[in-house]
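Line order of the protein sequences matches chains A and B. For the first sequence, position 192 (counting from the first letter as 1) is numbered 192 according to the UniProt record's numbering, and the numbering increases by one without interruption. For the second sequence, position 93 (counting from the first letter as 1) is numbered 93 according to the UniProt record's numbering, and the numbering increases by one without interruption.
Worth flagging that the hints you see were computed from the coordinates, not collected in a lab. It is possible that part of the hints are untrue.
What the hints assert, rightly or not - Sample of chain B residues with no beta-carbon within 10 Å of chain A, all distances over it, derived: (1) E3; (2) E6; (3) K26; (4) S36; (5) G37; (6) K55; (7) M81; (8) P90; (9) A101; (10) K106; (11) A119; (12) E122; (13) D168; (14) D204; (15) V239.
Unchecked claim - Below are the SDA-like pairs computed for lysine to any residue, each with C-alpha atoms no more than 25 Å apart in a straight line: (16) A:K120 x B:E25; (17) B:K106 x B:L92; (18) B:K78 x A:Y133; (19) A:K120 x B:E115; (20) B:K106 x B:G139; (21) B:K110 x A:W142; (22) B:K129 x B:N71.
Glycine included, every Cβ here is placed at the ideal spot set by N, Cα and C.
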Amino acid sequence: MNEPISFFSGFGPKDLWYLAQAAWQTLLISVLSISAGTVMGIFFGWILSESKVVGSITIGFVLDAFRSVPLIIQLVLFYNLFNVIGLAVSPFTAGVIILGVYTSALVANVARGGIESVGKPMRRAGRSLGLSYFQTMRHVVWPIGLRAVFPSWVGVALGVLKDSALVSVLGHPELLKVARDLITRTQQPLLVLAVAGAFYFALSFPISRYAAHLERKWQS
Amino acid sequence: MIEIKELHKYFGDLHVLKGIDLNVEKGEVLSIIGASGSGKSTLLYCINGLEAIQKGEVKVDGVSVHAKETNLNKLRTKMGMVFQQWNSFPHLTALENVALAPRIVKGRSKAESREIARAQLEHVGLNDKIDVYPSALSGGQQQRLAIARALAMEPEYMLFDEATSALDPELVGEVLDTMRLLAEEGMTMICVTHEMGFARDVSDRVAYFHEGVMEEIGPPDQIFNNQKSERTAKFLANVR
């Protein structure tokens, strides 16, 4: 006779491959949203550092909201909002957009702190050489200020990488979503979660090592 | 030539410069002395347009510094400025510090600007520090680096804002020596300074500032030995 149909089967090598693919999705979501969020965040941080008044009436409140509302609420809220207003976006796209904006709100504050740490004397030194405002920003203020807050930025980036797990609520097969599905099938939560955790570690660890290497290089 | 006419500067209600009239000729070395808060540093900032002015005019080679239509970035390349806090760019090596502005502002090629930088670092005696980051330099070396950085733009005027005030005493000499060298080479210099020896030996003229007014100006011999103003005499008696 046929083998009995089983809904439950143990964790096999193939599942490791599923998780690896899911880890790739997590990496993709994270890299896209962190990159976009960092570029936007530096721009916002620069506006905040240039003018308290302009900054707070234009983007200050919005950034505060994104920083203060739990990410999971933002994800569900905006994903559904996108669909309600007729923007049919995939969970992946929605996840990247929302995570990106969330990242930009965190990076904005970090970047503002860095840019403000470069004082008037340093800026004047640049201007006195004939550099324009933007040249001074590009070649003096941003490199100095953003390097000073680089460790904080790494913290934000690693946080976002882990927070990308929340995109699972939208149903996109990233690490946590796939891990949950596997748990349901295998009934081996400890093993599956341990493997998924190992994948998160494997994604984060190289980033923090590379960051530490950069910091050492800049300090010398 | 730098021409300053009836210059008034306010910080809020504070009247910092109260009508300064002063001309500095090409090739001249002018030292400005006076107590802290007498407005002498502010005058330098007004000359290269880092501070706005409320009344009067500053002209550099006939171009009005504070006029709206003036391209300040271009005009500033004529005036090198050295600050009390030397403000080396910490993320760049000594060579890159000096090469930055020629490349960015004057559009020189990478190789050209490095050549200029190398020459200027040698000029100030830092040829063995080319690839060193500022954090590994002493205060005196960083200030000489700042001088080289300003010289790399081939300025016609050099403005020194208390260039030695933030230095440890044993490092003051090397910076003053570099400034002396520039003076001997015929650079037009305005030096706000507390170094009376430098002011006396190197300057063509010395100006004494008191509470936003240029109290007295004249050759070093007049200012240091035959003051016309009571206040000048009193100030010098106190700093000696």
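Do the hints match the structure? See the list:
1. The claim that E3 of chain B is not at the interface with chain A holds, since no C-beta of that chain comes within 10 Å of its own (minimum 20 Å).
2. Here E6 of chain B stays apart from chain A, with its beta-carbon at least about 25 Å from theirs, past the 10 Å limit.
3. For K26 of chain B, the non-interface assignment is confirmed: its Cβ lies about 20 Å from the closest Cβ of chain A, beyond the 10 Å cut-off.
4. Here S36 of chain B stays apart from chain A, with its beta-carbon at least about 17 Å from theirs, past the 10 Å limit.
5. Non-interface status of G37 of chain B relative to chain A is upheld: no Cβ of that chain comes within 10 Å, the nearest being about 18 Å off.
6. Separation of K55 of chain B from chain A is adequate, the least Cβ-Cβ distance of about 23 Å exceeding the 10 Å criterion.
7. With a minimum CB-CB distance of about 4 Å to chain A, M81 of chain B fails to clear the 10 Å threshold, and the non-interface call is violated.
8. Chain A draws P90 of chain B into its interface by the beta-carbon criterion, the shortest separation being 6 Å against a cut-off of 10 Å.
9. A101 of chain B, annotated as away from the interface, has a beta carbon of chain A within 10 Å; the closest lies near 4 Å.
10. Once the 10 Å rule is applied to beta carbons, K106 of chain B is inconsistent with being away from chain A; the minimum gap is 8 Å.
11. Against the 10 Å criterion, A119 of chain B stays outside the reach of chain A, whose nearest CB is about 17 Å from its own CB.
12. For E122 of chain B, the non-interface assignment is confirmed: its Cβ lies about 20 Å from the closest Cβ of chain A, beyond the 10 Å cut-off.
13. With a least CB separation of 19 Å from chain A, D168 of chain B remains clear of the 10 Å interface cut-off, as annotated.
14. Non-interface status of D204 of chain B relative to chain A is upheld: no Cβ of that chain comes within 10 Å, the nearest being about 24 Å off.
15. Even its closest Cβ contact with chain A, about 26 Å, leaves V239 of chain B beyond 10 Å, as expected for a residue assigned away from the interface.
16. A distance of roughly 30 Å separates the Cα atoms of K120 of chain A and E25 of chain B; the hinted pair therefore is violated under the 25 Å criterion.
17. About 19 Å separates the Cα atoms of K106 of chain B and L92 of chain B, which keeps this hinted pair within 25 Å; it holds.
18. The suggested pairing of K78 of chain B with Y133 of chain A holds, with an alpha-carbon distance near 18 Å, which does not exceed 25 Å.
19. A C-alpha spacing of about 30 Å is found between K120 of chain A and E115 of chain B, which places the hinted pair above 25 Å, so the restraint is violated.
20. Between K106 of chain B and G139 of chain B the alpha-carbon distance is near 28 Å, which puts this suggested pair outside the 25 Å criterion.
21. Note on K110 of chain B and W142 of chain A: the hinted pairing holds, with a Cα-Cα distance of about 21 Å set against a maximum of 25 Å.
22. Of the pairs offered as hints, the one joining K129 of chain B and N71 of chain B is violated, with about 34 Å between alpha carbons and a cut-off of 25 Å exceeded.
Going through the hint list in order, the structure does not satisfy hints 7, 8, 9, 10, 16, 19, 20 and 22.
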